[in-house]
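Read top to bottom, the protein sequences are chains A and B. Here the first sequence stands for residues 1408 to 1505, numbered as in our numbering. Here the second sequence stands for residues 596 to 1030, numbered as in our numbering.
Hints may contain errors.
Unchecked claim - In silico EDC-like cross-links for lysine to aspartate or glutamate, where the CA-CA straight-line distance does not exceed 20 Å: (1) K872(B) / E829(B); (2) K775(B) / E1484(A); (3) K857(B) / E1485(A); (4) K946(B) / E925(B); (5) K985(B) / D963(B); (6) K959(B) / E911(B); (7) K775(B) / E1417(A); (8) K872(B) / E1484(A); (9) K801(B) / E829(B); (10) K872(B) / D752(B); (11) K1451(A) / E867(B); (12) K1435(A) / D989(B); (13) K775(B) / E1485(A); (14) K960(B) / E1000(B); (15) K857(B) / E1490(A); (16) K872(B) / E1417(A); (17) K625(B) / D752(B); (18) K1435(A) / E1485(A); (19) K947(B) / D935(B); (20) K940(B) / D963(B); (21) K1435(A) / E829(B); (22) K872(B) / D1418(A); (23) K828(B) / E854(B); (24) K1503(A) / D752(B); (25) K1503(A) / E925(B); (26) K940(B) / D957(B); (27) K1503(A) / D935(B); (28) K1503(A) / E1000(B); (29) K828(B) / E728(B).
Simulated from the structure, these hints should not be mistaken for laboratory data. Predicted, not measured: the structure shown is a model, and the values here were computed from it.
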Amino acid sequence: MPSEPSRRVEDKLFYNRYLVDSGRAHIKVRPHTTPSSRLLSMLKACPARCYELSDKGHVEVTVDGCIECGTCRVICEESGDIEWSYPRGGYGVLFKFG
Amino acid sequence: MIEERFDAIVVGAGMGGNAAALTMAERGLKVLQLERGEYSGSKNVQGAILYADMLEELIPNFREDAPLERHLVEQRFWIVDERSHTGIHYRSDDFNEEKPNRYTIIRAQFDKWFSQKVREAGATVLCETTVTELLQDSHGRVVGVRTDRDGGEIHADVVVLAEGVNGVLGTGAGLRGRPKPDKVALAVKEMHFLSRETIDARFNLKGDEGLVIEAAGTISRGMTGMGFIYSNKECISLGIGCLVADFQRTGETPYGLLEGFKRHPSVAPLIEGSEVKEYSAHLIPEGGYKAIPQLCGEGWVVVGDAAQLNNAIHREGSNLAMTSGRIAAEAICLIKSRNDPMTAKNLSLYKKLLNDSFVIKDLKKYKDMPALMHTHSQNFFLTYPQLFSKAMQDYVRVDGTPKLEKEKLMLSSFIKARSWSGLFSDALRIARAWR
């Protein structure tokens, strides 16, 4: 069954407050020529749609809208597809309600 | 470097960390609590329901000033298909009692209050500080932590790891493995604001009465999952969660499921006209008893979600976190009072006390439930809900079909979908896992 248009996620993230740590991404994707099935699954599984497929067919991550759930860590860290850590203290998503 | 040495460092300011820090500080230990958020609560996500008993153990008069939303007077369980829900509702005026048993809360606000209690008890709480690794001596003994602050090495006799479901310190130091995709669920949630009067009217509530709806069925599209709706004073917490492994396998999107749940004809009227003010996501430990890692070692203990202490069947987590945090702290205080070192052997007192508590007893009771739910998700979350809905509709619709014929059709629809042996083994498996 197809999922709803994903552009809606950006609208959702707009509700949230963030303090972006410019130039210090807390998640990094290992350079690759062909993405693994794990990395590809993140295009759909990431609830903030931080993962995207580039024109060259690489999976890239932009962490500005990350809500720090850890789903990509659970799927992709062990295999080395990504490096995952928490943002520096005070940075990242700032929940008002949680 | 912080030259001071502490009796205990608590990593994290969620329910488990706050319970541990409060308990130790109240008993005179020199406690440092580290939290990566702007304030305690700003990174914490939960539905959320607070269980009064476990908080009362820590702060007996919490009702006087804690930011509570509504006390629960009604619980609705729904089995849903695309256009219907079949419900079991339990509502009782008994829940309008002097000291109610369950409340809805908003975690960011509640945790801020809880943290204030921790400070008042004498603990030092340092926010905006991410702990990057555990300091270990040459024997592998945990002797402190390193933070992302300048020269951020801090030493203590014992470290309480209350770092949440994504705890990176324990895994980084090899004390436990990472959670596996089939052992954690991803839940997404929105906060829908409505006037108090609108919420009261839509949910049949008055005063501070509150209600919970939990829904399972076709909304999770065959995956192991559940939707929830909690009434707060002036907003509704609405969300849905499914196993990470299921998202990975099916390619469904979390926000797609959330939108589907919101559009369900039984849900849409409840949130109509609301203003959404936040979208969050969080992992929930689902592995149960069999997923619990090593709970203590040389110079450390682990509590709450970081230790996978979550009862997925009863949707209880924060109370297990609070209780494990408190019990770990009590064990540490006892060891300290004897002037004994924080060795693995001495700290195993925490494990022993936890085993005797409801935390481990409840998880043990349902030790086979996760495997059952996770391996037959199509049957439990898609096939049965559809069959139930059809059966209910046939039962209530009056259309001239003789009742006996209706019953036969109903039975044959179940047999056709699951076969006699399938029905029998499903029933047997549930009974066994529930026992």
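Outcome of the hint check:
Taken as a hint, the K872(B) and E829(B) pair is honoured in the structure, with Cα atoms around 12 Å apart against an allowance of 20 Å. Between K775(B) and E1484(A) the alpha-carbon distance is near 11 Å, which keeps this suggested pair within the 20 Å criterion. Note on K857(B) and E1485(A): the hinted pairing is violated, with a Cα-Cα distance of about 34 Å set against a maximum of 20 Å. Restraint check for K946(B) and E925(B): satisfied, since their Cα atoms lie roughly 12 Å apart, inside the 20 Å limit.
Distance hint between K985(B) and D963(B) is unfulfilled; the C-alpha atoms sit about 30 Å from each other, more than 20 Å. The suggested pairing of K959(B) with E911(B) holds, with an alpha-carbon distance near 14 Å, which does not exceed 20 Å. Annotation: proposed proximity of K775(B) to E1417(A) is violated, straight-line Cα distance about 28 Å (limit 20 Å). Distance check on the hinted pair: K872(B) and E1484(A) sit about 31 Å apart at the alpha-carbon level, beyond 20 Å; violated.
With a C-alpha separation of about 13 Å, the suggested pairing of K801(B) with E829(B) holds against the 20 Å cut-off. At most 20 Å may separate the alpha-carbon atoms for a hinted pair to count; K872(B) and D752(B) exceed this at roughly 43 Å. Straight-line distance between C-alpha atoms of K1451(A) and E867(B) comes to about 27 Å, which puts the hinted pair past the 20 Å bound. Taking the CA atoms of K1435(A) and D989(B), the gap is about 54 Å. The hint is violated against a cut of 20 Å.
With a CA separation close to 10 Å, the supplied pair K775(B) and E1485(A) stays within the 20 Å bound. The straight-line distance between the Cα atoms of K960(B) and E1000(B) is roughly 41 Å, outside the 20 Å bound, and the hint therefore fails. With a C-alpha separation of about 34 Å, the suggested pair K857(B) and E1490(A) falls outside the 20 Å cut-off, and the hint is violated. Only pairs whose Cα atoms come within 20 Å are accepted, and K872(B) paired with E1417(A) is accepted, the gap being roughly 14 Å.
Proposed proximity of K625(B) and D752(B) is supported: the alpha carbons are some 10 Å apart, at most 20 Å. For the hint linking K1435(A) to E1485(A), the alpha-carbon distance of about 13 Å falls within 20 Å, and the restraint holds. Simply put, K947(B) and D935(B) have alpha-carbon atoms about 17 Å apart, close enough for the 20 Å limit, and the pair holds. Note on K940(B) and D963(B): the hinted pairing is violated, with a Cα-Cα distance of about 30 Å set against a maximum of 20 Å.
Under the criterion of a C-alpha separation no larger than 20 Å, the hint pairing K1435(A) with E829(B) is inconsistent with the structure, at around 39 Å. Only pairs whose Cα atoms come within 20 Å are accepted, and K872(B) paired with D1418(A) is accepted, the gap being roughly 11 Å. Of the pairs offered as hints, the one joining K828(B) and E854(B) is violated, with about 23 Å between alpha carbons and a cut-off of 20 Å exceeded. Restraint check: the Cα-Cα separation between K1503(A) and D752(B) comes to about 34 Å, which exceeds 20 Å; the hinted pair is violated.
For the given pair, K1503(A) sits about 32 Å from E925(B) by alpha-carbon distance, which is inconsistent with the 20 Å threshold. With a C-alpha separation of about 25 Å, the suggested pairing of K940(B) with D957(B) is violated against the 20 Å cut-off. The suggested pairing of K1503(A) with D935(B) is violated, with an alpha-carbon distance near 42 Å, which exceeds 20 Å. Between K1503(A) and E1000(B) the alpha-carbon distance is near 56 Å, which puts this suggested pair outside the 20 Å criterion.
A distance of roughly 40 Å separates the Cα atoms of K828(B) and E728(B); the hinted pair therefore is violated under the 20 Å criterion.
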